[in-house]
Amino acid sequence: MVDYTYTLLIPLIPFVFFLLIGLTGHKMKPIISGLIGTVGLGIAAILSYLTAIRYFWTDHLAETGFKSIKAVEVTWLHLTDKLTINLGVLIDPISVMMLVVITTVSLMVHIYSIGYMKGERGFHRFFAFLSLFSFSMLGLVLATNIFQMYIFWELVGVSSFLLIGFYYEKPSAVAASKKAFIVTRFADLGFLIGILILSFNTGTFDFQLLTSPTGPAITMPGGAAFMGLSVLTWSMIFIFMGGAGKSAMFPLHIWLPDAMEGPTPVSALIHAATMVVAGVYLVARLFPIYALGAPIALNVVAWVGGISSLFAAIIACTQTDIKRVLAYSTMSQIGYMMLALGVSGYGGHDGLGFMASNFHLFTHAMFKALLFLGAGAVIHAVHSNDMKDMGGLRKYLPITHITFLIACITIAGIPPLSGFFSKDEIMVAAWHHNKILFSIEFLVAGLTAFYMFRLYYSIFWGKATHYHHTPHEAPYVMTIPLMVLAFGSVFAGFLPFHALVTSDGMPFEAHIDWSIAIPSVLIGLVGIAIATMLYFKVSVLPDKVAGNFGSFYKWAYHKFYMDEVYLFVTKKIIFRYISEPVAWFDRHVVDATMVGLATTTEKTSHLIKGMQSGRIQQYGYVFVTGAIALVLLFVYLW
Amino acid sequence: MTGTIPLQYFLVISTLMFFIGIYGFLTRKNLITMLMSIELILNSVNINFVVFNRYLYPQNLQGHFFSLIIIAIAAAEAAVAIAIIINIYRNFRSIDVDNVDEMKF
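Going line by line, the protein sequences match chains A and B. Residue 545 in the working numbering sits at position 275 of the first sequence; the count goes up by one each step and never skips. Residue 81 in the working numbering sits at position 80 of the second sequence; the count goes up by one each step and never skips.
The hints are simulated quantities; they were obtained by calculation from the structure and are not laboratory data. Don't be surprised by glycine CBs; every beta carbon is placed ideally from N, CA and C. Please note: incorrect hints may appear among the correct ones.
[To be verified] Heads up, incomplete: computed chain A residues facing chain B, CB under 7 Å, no partners named: (1) Gln887; (2) Val894; (3) Phe904.
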């Protein structure tokens, strides 16, 4: 057995630095707290790379298939002899891959933030929260059991809440952080219910036991329990609800666009690369159960992913806030990953979708973080989020321009950049499973290329906007992370994922299926071509095209009125017909009983308080009167 | 013996004195008046002691001695009470019982 005990340090270092910066940061110079946080993440990143290299290559685990290894495990809560809650570190292909993704992106975001957040109030607070987030996210992916994962899942939600509401003086930021927290909490309720059902029926929280093909979960007797679905299917659907909330899947996606109120590096780290893929990671972590025990739940995953990706791609084509375009794009790409998991089978080449999903997760983290950080550099230069205020920026921001272009080509799926490889694997997996889902993804691929290049042209080409002051390129501390991530976006596609991250740990052979790859590249090129036609030069064409779509355009522009639907459902239905009667009952029945008791007591005491006046004369009067009355009674009436 | 004045006359007087004392004690707010009422009650008791001793057991003297003790005690009590009343007056500039309720609430 190979010793991986040191991996415990990977989440603990950010945690220690969180405490350090959080408790003593206000006494340091801001730049020092930033540097400390960055160094901490740097150490964690080096350890993660070391782990990845050892696990995947130098420890020769591949020959027997990648096993999951419990590096550390301690019993945290000893509830009964059978039921204990443990904390530990689980090392397996997906957790190692996530370690690399999280620490890389987090490190880049740390470096970038030193430049981006310079001079902001609460600089050290920002870095403390970033460290807290990194700790929680690393703890989430390393969890050995589903309960530990749930704990860190909530911690991640809290860090996200804190960072979205970082500008807590802005009402919109406060509202957005509340919205994100409440929506994901609602989804986590489903997650908790799912965990309870699953663990009640299997008697364990442990991932290794749960996902073992001969374990208690998969061999659980099926049979309809409720509405024609088995207990296991229901629990997996509930667990997926938690994942869908965190990953902003339709219809629980409404918090993600608003979450863009947070600082841009936060959007890059949390709402593009790491936290929002936690849902994908959750499904991937429990994948054997989905694939072998609950195929219906897996189908739900596929369809939710497919619908979300199409839905978000259409909205992204109409938005003008550049961060919102990227937010919808993120939602769309996560839809891809979910769909890939949903169409995957277990083991060998059937597990192509599983591999493709993780592959896409990996490449997406690189290029989407790059896009967000690039957008941050643009916002930093222009001081606006709206693409109407931008145009012709390529002259002023050469490095940002080039790296942004690379990211756009990558996400559009043009070979040989990384997005092509991962997207192609998803397409192939979808093609073999379900033609309808494949055609949705095919359409989305075109839409993705279109809206990304619409964004790109609107920022860097198009009209030469007059700026109040000449925009200037960001400092090196911001452009170097861009270049590193651009490097990652270009070359991550050459990683042999099919030999490393597979559903059953055994490597398999995967080739590019050109009969699917060529059409998907072509539709990407078509999307780019349309975007070039419409947005390369200033013209009236975009408005005309929008006019042709008529009310559909308006619907998409208003995000299909999802926010309004939610408002209607919550305010007009839930609040009025459930909350208000409950509040009335509380106020007029529960409270009124208590108030009534108090009032009665008070009134009564008012009435009888004269009896204890402390006036001796009064007492004497009563006494004498009573004595005389008794005497009269005894003398005359007895 | 004397026989001219019946026992009941004395008892009526002492009963009247007793109830006048009770009435005064309960209704008056002035401490001196209340003290005087208490003296009336004591004296009505004295009359009863003396009268019953004289009419029922003329050969014994316990009743007489009792009333003498009561008179002595009452004198001492009156002295103490007056001292208290003077102190109260110095503190409150009043000897009205309704004003002397500071320690009560």
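Hints that the structure is at odds with (numbers, increasing): Hint 3 is the one this structure does not satisfy, whereas the remaining hints hold.
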